[in-house]
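Asks: Below, each chain spelled out in residue letters.
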Amino acid sequence: MTRKQKRLSVIAGGLGFLAVAVGLTFYALGQKASYFYMPADLANVTLEPGQRIRLGGLVEKGTIVRDQGTEVEFSVTDTERSVKVAYSGILPDLFREEQGVITEGSFGPDGVFVADSVLAKHDENYMPKEVADSLKAKGVWQEETQ
Amino acid sequence: MVEIGHFALVLAFALALVQSVVPLVGARTSNSRMMAVAEPVSMAGFGLVLLAFAVLTVSYAQSDFSVANVWENSHSLKPFIYKITGTWGNHEGSMLLWVLILTFFGALVALFGGNLPATLRATVISVQGWIGAAFLLFILATSNPFARLTPAPIEGRDLNPILQDIGLAIHPPLLYLGYVGFSVCFSFAVAALIDGRIDASWARWVRPWTLAAWSFLTGGIAMGSYWAYYELGWGGFWFWDPVENASFMPWLAGTALLHSAIVMEKRSALKIWTLLLAILTFSLSLLGTFLVRSGVLTSVHAFATDPSRGVFILCILTVFIGGSLALFALRAPSLTAGGLFQPISREGALVLNNLFLTTATATVLVGTLYPLVVEALTGDKISVGAPFFNLTFGPLMIPLLVLVPFGPLLAWKRGDVLAAAQRLMTAFAGTLLAVLATMLFIDGATVLAALGIGLATWLVLGALTDLALKAGFGSASPGTMLRRLTGLPLSMFGTALAHLGLGLTTLGLVGVLSFESEHILTMKPGETTEISGYVLRFDEIAPVQGPNFTESRAKFSLLDAAGKPYGEIVSSKRFYPVRQMPTTEAGIKTMGLSQLYVSLGDETADGSLVVRIWWKPLVTLIWGGTLAMMAGGAVSLFDRRLRVGAPARRRREAIEPAAAS
Chain P
1 MTRKQKRLSV IAGGLGFLAV AVGLTFYALG QKASYFYMPA DLANVTLEPG QRIRLGGLVE
61 KGTIVRDQGT EVEFSVTDTE RSVKVAYSGI LPDLFREEQG VITEGSFGPD GVFVADSVLA
121 KHDENYMPKE VADSLKAKGV WQEETQ
Chain F
1 MVEIGHFALV LAFALALVQS VVPLVGARTS NSRMMAVAEP VSMAGFGLVL LAFAVLTVSY
61 AQSDFSVANV WENSHSLKPF IYKITGTWGN HEGSMLLWVL ILTFFGALVA LFGGNLPATL
121 RATVISVQGW IGAAFLLFIL ATSNPFARLT PAPIEGRDLN PILQDIGLAI HPPLLYLGYV
181 GFSVCFSFAV AALIDGRIDA SWARWVRPWT LAAWSFLTGG IAMGSYWAYY ELGWGGFWFW
241 DPVENASFMP WLAGTALLHS AIVMEKRSAL KIWTLLLAIL TFSLSLLGTF LVRSGVLTSV
301 HAFATDPSRG VFILCILTVF IGGSLALFAL RAPSLTAGGL FQPISREGAL VLNNLFLTTA
361 TATVLVGTLY PLVVEALTGD KISVGAPFFN LTFGPLMIPL LVLVPFGPLL AWKRGDVLAA
421 AQRLMTAFAG TLLAVLATML FIDGATVLAA LGIGLATWLV LGALTDLALK AGFGSASPGT
481 MLRRLTGLPL SMFGTALAHL GLGLTTLGLV GVLSFESEHI LTMKPGETTE ISGYVLRFDE
541 IAPVQGPNFT ESRAKFSLLD AAGKPYGEIV SSKRFYPVRQ MPTTEAGIKT MGLSQLYVSL
601 GDETADGSLV VRIWWKPLVT LIWGGTLAMM AGGAVSLFDR RLRVGAPARR RREAIEPAAA
661 S
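So the sequence lines, in the order shown, correspond to chains P and F.
For what it's worth, the numbering used here labels the leading residue of the first sequence as 1, then goes sequentially.
For what it's worth, the numbering used here labels the leading residue of the second sequence as 1, then goes sequentially.
The shape of chain F in the complex, shown without the other chains:
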């Protein structure tokens, strides 16, 4: 059965080779029949990879242990949902998912690319074909998910227990939709370089792809962070670990790309820079894939890895990054430079945004790769952790966050900082109020914490001010305001929502970093402890039998200050016998925006239990804010002007550019 999947993959590889060459040659020689090959081939390639993926999923669903990959990562007693998600909970399966998403995006370009210039479309699909061919070869040569075992084992070895979790079921597909989504931007950039020109349709296409990929990547990173928070039992949500940085770097570069693509679309300026960013963003995605899959860096998230795969991906990485940058160096000077603008203008603000974001990306890159370089040069082993990133990334981000509310208030081409500052007076007053309130009313608030709260308030109020001003708040009647608001392009709501989300995430971070309290103690059943105005009582601990694990489940009662029951928290330690692995299932009680987090440790000599309790104020805002950012991306994506299938409206706007600003 699984041989069908293997065969489909081989076929998909062959088609990817066709896709890499034929449309490109067609585009170069103006042969429309050769260019026309692009669409059916890319769609068929997607169909074949989908078939392969479906076959693997079915093997997992049926627990077919004659397939080595299923045997290594599944177990007949595993809950059904984790049998399905186990398909991509391992190296081979996750690479297959990677390629599936890649071919999916290639097929989308073919499907919706009808209004692109024919040569551009053919070239873009060809470049997608190169990436697809490289990764299909990688799977077939080093990571075949369809290898058989004879004789077939009776029982599988189970999936790593910490991956048996709904968070990890959703995290990789979202993350890959983001990572791989940037491949389309990359293909467009390379195609523009091959073509030697960037026209209006180029910009219109790149922006929605960037938006979509960025939204998915935001969601994927947030999901991974929330998973680490509740599943690892440390209560941490970000560790500046190489594997996390691997996903964060494309996000930072992608955020820069998102903003520079606006300038390019609206003002046709920054063309060459946008092109370079598109190449860099996907290069960082490839680098991320390499770092995660090769295990060259010591990471707390590292799983057993295979060095030969690392070398293969490194080759892909070198060819694609080196090749595209060489092409850029060769062709970029011949591209026409775009429009001019004053330094103080919306364009200028977006350039500043890009300067900050790319520099921040570079510091994260240096911190992530520095240990590799030092080890290669001197043999010394060092680690670069949170203290480094706090010292470099932090100072770069804070001024950027302070400047964010100004950006949308500056006019295109020539802006007025003083006018923008005046219009932000209300937001500034609110910020001051928030700082003062924090200092006065919250016990133990440091100046830094108060300023952090102020920064978050500034971002939130700044985003709201932007919308309020556009609606004409204060000068127009409520009816006019409503009409103006409904008449605003969706992308403006998207901007405001994303900036609002940034503020909320900042607020969550400041809340946890400044006001978190932690108690580590040993408790016996019946004992109580006090935390942040609540009383936590350890009621009992009892063994529970799960489908493929055993569990020591501890029950806690939460009482309010008056001693009335307020809620219950269940926290447990699981043991998965097949893998001989224990896991921690933290007990989390959400109260308002804050959470009480209870994690169990080992039993001590006298039979009591080590318990670690955190009070995490405003912690939910960290992920709530990223949801708002994602929603902002999605709302912008539905903006009519960006919808790729709306040519009539587009033509009208080309005549009336003022309406778009």
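Isolated chain P (complex conformation):
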């Protein structure tokens, strides 16, 4: 091979490699990115059965129900609508009534959102950004006063 051919083949190899990586990335983004919704948004979207989403909002007051075991049920609300969430496991330390949370999972056939992860934050003044933005958009956001 001449030097030019050699260089071309190296460049072609590199580009092919990159093309595979780019293809993989796009495929993964299409498949694996999960959308974030507030309870009120759910009226406007159609979800495929079993589609993973993130559901965010406030933990509605007085809805946390713990059974004898590790099952917990609570409702996530954006003050407009609320959605019942079932979760099995240990909740984050900062999980509390009227605190912002993000839950991730999918809807079961009975319309209950089955979460496999529940995120609250590391900081007691912190509200998940998506939740804060959506609450601000709905005009129910209250600045933290100290």
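Hint data in this document are derived by calculation from the structure and do not stem from the laboratory.
Just so it is clear, CB atoms sit at the ideal spot from N, CA and C, and this is done for glycine as well.
A portion of the hints provided could be inaccurate.
[Claimed, not checked] To give an idea of the chain P side of the interface with chain F (calculated C-beta under 7 angstroms), a few residues: (1) VAL10; (2) ALA21; (3) LEU24; (4) ALA33; (5) SER34.
[As the list claims (entries may be wrong)] Simulated pairs of lysine-lysine, DSS-like, Cα-Cα distance not exceeding 25 angstroms: (6) F/LYS470 / F/LYS266; (7) F/LYS524 / F/LYS564; (8) P/LYS6 / F/LYS266; (9) F/LYS413 / P/LYS6.
Got chain P; can you put chain F on it based on the hints?
Replies: Same frame as chain P, now just chain F:
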């Protein structure tokens, strides 16, 4: 008192401006008196920032709540060590630490840069001055740690309890030493572009800096991961969270830089590429600082943030990344291209390494920023989590890991894959054996798990093969082998150690991901449960009063299968009244390389306790491996050839390049 600190910072900013301009003008106009300004100014700048940092630390130690920053993040009852570490456990203090480390590195260049060409040294210190000036202005304008409160409050608001931990005391300084260490590589790259040439001393300087920064960053990431593992009570060690990715991207790019810098130093090839990588690596560090400090991305690790700061850092980011890349586009074509090599050679292997690592960096970058882009374009909110990264990052890393043992066995310039493969036969046989043993002897092992174990074994044996071959194992007498081993340059041990560490980390990851078992159950005192051949008995739960928290402490006894006591595990839930925050203190028992992890949940209606128990096989290897990688970096750094103060030896090697390969 703290006004001294504030004043010192303002002064340091003024000096940084001088440092940004005067030496650079001197270098451009060949004015040696102007260039000579660089050293004293950068050292004085470091002294001033150190003074400011010391003043802030003293305010924390004395719990001076008239300082707003201390009031917000400290408490008089807090243990003394966390009063000190609280200095950088908050936004303002951690930015001050960032700048302290930046000026420290600038001062080091000034101190040890005696054998650099004068114009290069002056330009490098100038570029460091730009970065310093930008971040000092950022601190003074948006994040002043020295603001006062009048009247002074009696008591502080305490540090976020999950930061009151020794892991988080060490994590930020290590991480910043890494992040900011790459600023030196960046400054060298920009200086080379301004100068319009890259010479031998450039390469010799960049490699040790890359090694040092990379080692620190490795340690910082590992420490952060271990902290998240034991402090958050979820038993997870990596979440592909934006804030974690922010530190991981510079690490990946830095790893690529580390390898391409070898090619550049040894063969003076890949010069322009190395330069670009140096710029990109520090750009990713800046991006990381921006992502963490601005809170634009939803992260499980996010703390309350302030958007105006985000905009400021975004401006710094744009100027530095945009500026340096524009300079690169402008000047790179005029730089001389380096040496040639065959595709199959040590250089070729390192290029392949770079191709994989930079592509992996790009996928992490896309996954991290994609939600931002989608939200800006469509308003949809999406999250990209572990499934995305497992699907993209994983397939990119696995072939790279398979290829790692080949690299060091290929010759420079023109290599022979078949010969390398032959020499790796023993390692390959060992790998097959490990795969078979996993399939046969471990219950519930999937094919994937066995292959994972095989991959890890392959990496470990490959690293050992490299050393064994260099010592002449099998052909030479033990005495000769020992002599050859002691005669090897330290950087070869460094390479082997780092690759070995990579194998160990892989083994730990495979162990946990494939063989972990998890039990969630409710327990009452006296009840037992069985996990992985051990019996865990819940003995009692009792309240304990800590210095600035109250604690429900649960005691568990660990019994072996025969019922004999084996050990004790204490796991607790703490409540910090000042912040009204609960935290989980997981109980961890290390057994061999594995750990039993017990984390407490809430009490249920009938008074029993939700307990989450994990058996995490080989988990300690994840961090053990990173320690080996760090050690590998450190060992290479002490290689005589890389030591910056050894000019005599360097000259000799320039004549005998063969001795260095």
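Asks: Now tell me, hint by hint, if it's right for this structure.
Replies: Results for each hint:
| no. | hint | result |
| --- | --- | --- |
| 1 | VAL10 | 6 angstroms, holds |
| 2 | ALA21 | 5 angstroms, holds |
| 3 | LEU24 | 5 angstroms, holds |
| 4 | ALA33 | 5 angstroms, holds |
| 5 | SER34 | 5 angstroms, holds |
| 6 | F/LYS470 / F/LYS266 | 18 angstroms, holds |
| 7 | F/LYS524 / F/LYS564 | 21 angstroms, holds |
| 8 | P/LYS6 / F/LYS266 | 23 angstroms, holds |
| 9 | F/LYS413 / P/LYS6 | 15 angstroms, holds |
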